[in-house]
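Student: Take a look at the letters that make up each chain.
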Amino acid sequence: GENVEQHPSTLSVQEGDSAVIKCTYSDSASNYFPWYKQELGKGPQLIIDIRSNVGEKKDQRIAVTLNKTAKHFSLHITETQPEDSAVYFCAAKYSGGGADGLTFGKGTHLIIQP
Amino acid sequence: EAGVTQSPTHLIKTRGQQATLRCSPISGHTSVYWYQQALGLGLQFLLWYDEGEERNRGNFPPRFSGRQFPNYSSELNVNALELEDSALYLCASSPLGRDSYEQYFGPGTRLTVT
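First to last, the sequence lines map onto chains A and B.
Using the working numbering, you'd call the opening residue of the first sequence number 32 and step up by one each time.
Using the working numbering, you'd call the opening residue of the second sequence number 63 and step up by one each time.
Looking at chain B on its own, in the form it has when it is part of the complex:
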């Protein structure tokens, strides 16, 4: 069974630009979670999508947004990039819906903002 995949592996952007990160969940999983892993801040919950809808978001500004497609893949968009957005962005998928438990992570996208 293929795991969670993310693309691109690395992304370099300039401050003020927009970044788009992509995630494909494990087959059969309907929930996708996005997390930010920044140096010194640990893993922080960003967004949760299930059945095509945003279910919840963490304590991040609105310039962090995303969507989930009918095939359950997901996209994370970060607008007006700031230097502190440099981090590893991790996507996780879950086999259940609203009462999800296990989350399985992808390898992440390393975003560098210069």
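Just chain A, with the same shape it has in the complex:
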């Protein structure tokens, strides 16, 4: 089955700086890679995703890059703000016949220092 590794487990950055979270996956059949943000006491919120036929996707201050050859993908947050503080999860999934649920990384606790 799929295995997703996520680093770092904790990331502390100054407000206004950029943050980068990296994930690797093991199953080359995976073709969908979402990122979720989870705030305390809430369910995960889908913030951006990328499919395997795309190398990069941006949405305002958030971007995701995918390297299929190396089987890794990254989340980039620019101009960080206090409200970006949360736990971020990457995930991977094969979407097709016999598809499975999402396989998640262990999460990154992002702390934005004022």
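Think of the hints as simulated: they come from the structure by calculation, not from any bench.
To give an idea of the chain B side of the interface with chain A (calculated C-beta under 8 angstroms), a few residues:
id, residue
1, Y95
2, Y97
3, G104
4, N118
5, G120
6, L152
7, Q165
8, F167
9, P169
10, G170
Cβ-Cβ distance ranges computed for the label pairs, FRET-style:
id, chain 1, residue 1, chain 2, residue 2, range
11, A, L42, B, E146, 25 to 35 angstroms
12, B, L73, A, G47, 33 to 43 angstroms
13, A, L42, B, G102, 13 to 23 angstroms
Built from N, CA and C at the ideal position, the CB exists for glycine as well.
Starting from the known structure of chain A, arrange chain B on it as the hints suggest.
Tutor: Chain B in isolation, oriented as in the chain A frame:
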């Protein structure tokens, strides 16, 4: 548009009892996924229902079961509760069928087994 809803918010049970958790997907979504988020174990895929049928399940024992109703809402049942079943149980819904991509999560049900 209303999001995924789950009930109850909290549930306290005794070891050996049964727990029933409920989920209502976003209107128009036919797929429902269940995940367990336990301390130290991260988010793990439990079950996937689509069009009223169980499509796939994760690496969990048979005492974790569920069903999906004609209105696409879903129920997760956990029999013979064990202490390690204490976790946040998350439901997610998806707008597509078997080749689903985006999953949107509810706030979760916190199950405590004493």
